[in-house]
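**Student:** Sequence:
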Amino acid sequence: RFLESLVEDLLPRLRHLIISHATAPWFGTARPAGFLRAAQTVDRIRSNAPDKVRVVNGAWPSEEAQRNAALQLAATLLPRPTHLLLVDGDEFWHPVELDRALALVYQASQTRRISWVRATMATYFKT
Numbered sequence: 001r002f003l004e005s006l007v008e009d010l011l012p013r014l015r016h017l018i019i020s021h022a023t024a025p026w027f028g029t030a031r032p033a034g035f036l037r038a039a040q041t042v043d044r045i046r047s048n049a050p051d052k053v054r055v056v057n058g059a060w061p062s063e064e065a066q067r068n069a070a071l072q073l074a075a076t077l078l079p080r081p082t083h084l085l086l087v088d089g090d091e092f093w094h095p096v097e098l099d100r101a102l103a104l105v106y107q108a109s110q111t112r113r114i115s116w117v118r119a120t121m122a123t124y125f126k127t
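Okay, so the sequence shown: first residue is 1 according to the numbering used here, each after it adds one.
Be aware that one or more of the hints could be misleading.
What follows is a set of in silico ranges between Cβ atoms, one per label pair, in the way DEER data are often shown [as the list claims (entries may be wrong)]:
1. ARG80 - ARG118: 14 to 24 angstroms
2. ASP51 - GLY28: 29 to 39 angstroms
3. LEU78 - ASN57: 18 to 28 angstroms
4. ALA108 - ALA33: 36 to 46 angstroms
5. THR23 - ALA103: 32 to 42 angstroms
6. PRO61 - PRO32: 13 to 23 angstroms
No wet-lab data here; the hints were simulated from the structure.
We put the beta carbon where it would ideally sit given N, CA and C, even for glycine.
Using the sequences provided together with the hints, build the complete structure.
**Tutor:** Okay, here's the thing in structure tokens:
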């Protein structure tokens, strides 16, 4: 539900976007209807920005394995990425906060080598 809105905010700020789309859950029972809806969403996103969006599909045993598959693809992109932003598809970044976070990473990278930055977030649940 959130992926298209998230990508709409992210895409203008990024050189490349990699979507790692799981074809099966890490655990539990698969939901084919949910997978089909997600696959259709990913296809729409890719078709709207084919030069920027890459998709890696797979059935990974864990979140870490899924993330690593996307990182392997990122390592092959040209021009080579200088920074990576990992965002889950159900996360929301307010555009102002996203711009602030990206600016902080960029500023820090100009004065020293940074290997990672982690943002804290407020979690809200719809009731």
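**Student:** Work down the list of hints and note, for each, if the structure agrees.
**Tutor:** Do the hints match the structure? See the list:
{"no.": "1", "hint": "ARG80 - ARG118: 14 to 24 angstroms", "result": "22 angstroms, holds"}
{"no.": "2", "hint": "ASP51 - GLY28: 29 to 39 angstroms", "result": "36 angstroms, holds"}
{"no.": "3", "hint": "LEU78 - ASN57: 18 to 28 angstroms", "result": "22 angstroms, holds"}
{"no.": "4", "hint": "ALA108 - ALA33: 36 to 46 angstroms", "result": "43 angstroms, holds"}
{"no.": "5", "hint": "THR23 - ALA103: 32 to 42 angstroms", "result": "36 angstroms, holds"}
{"no.": "6", "hint": "PRO61 - PRO32: 13 to 23 angstroms", "result": "20 angstroms, holds"}
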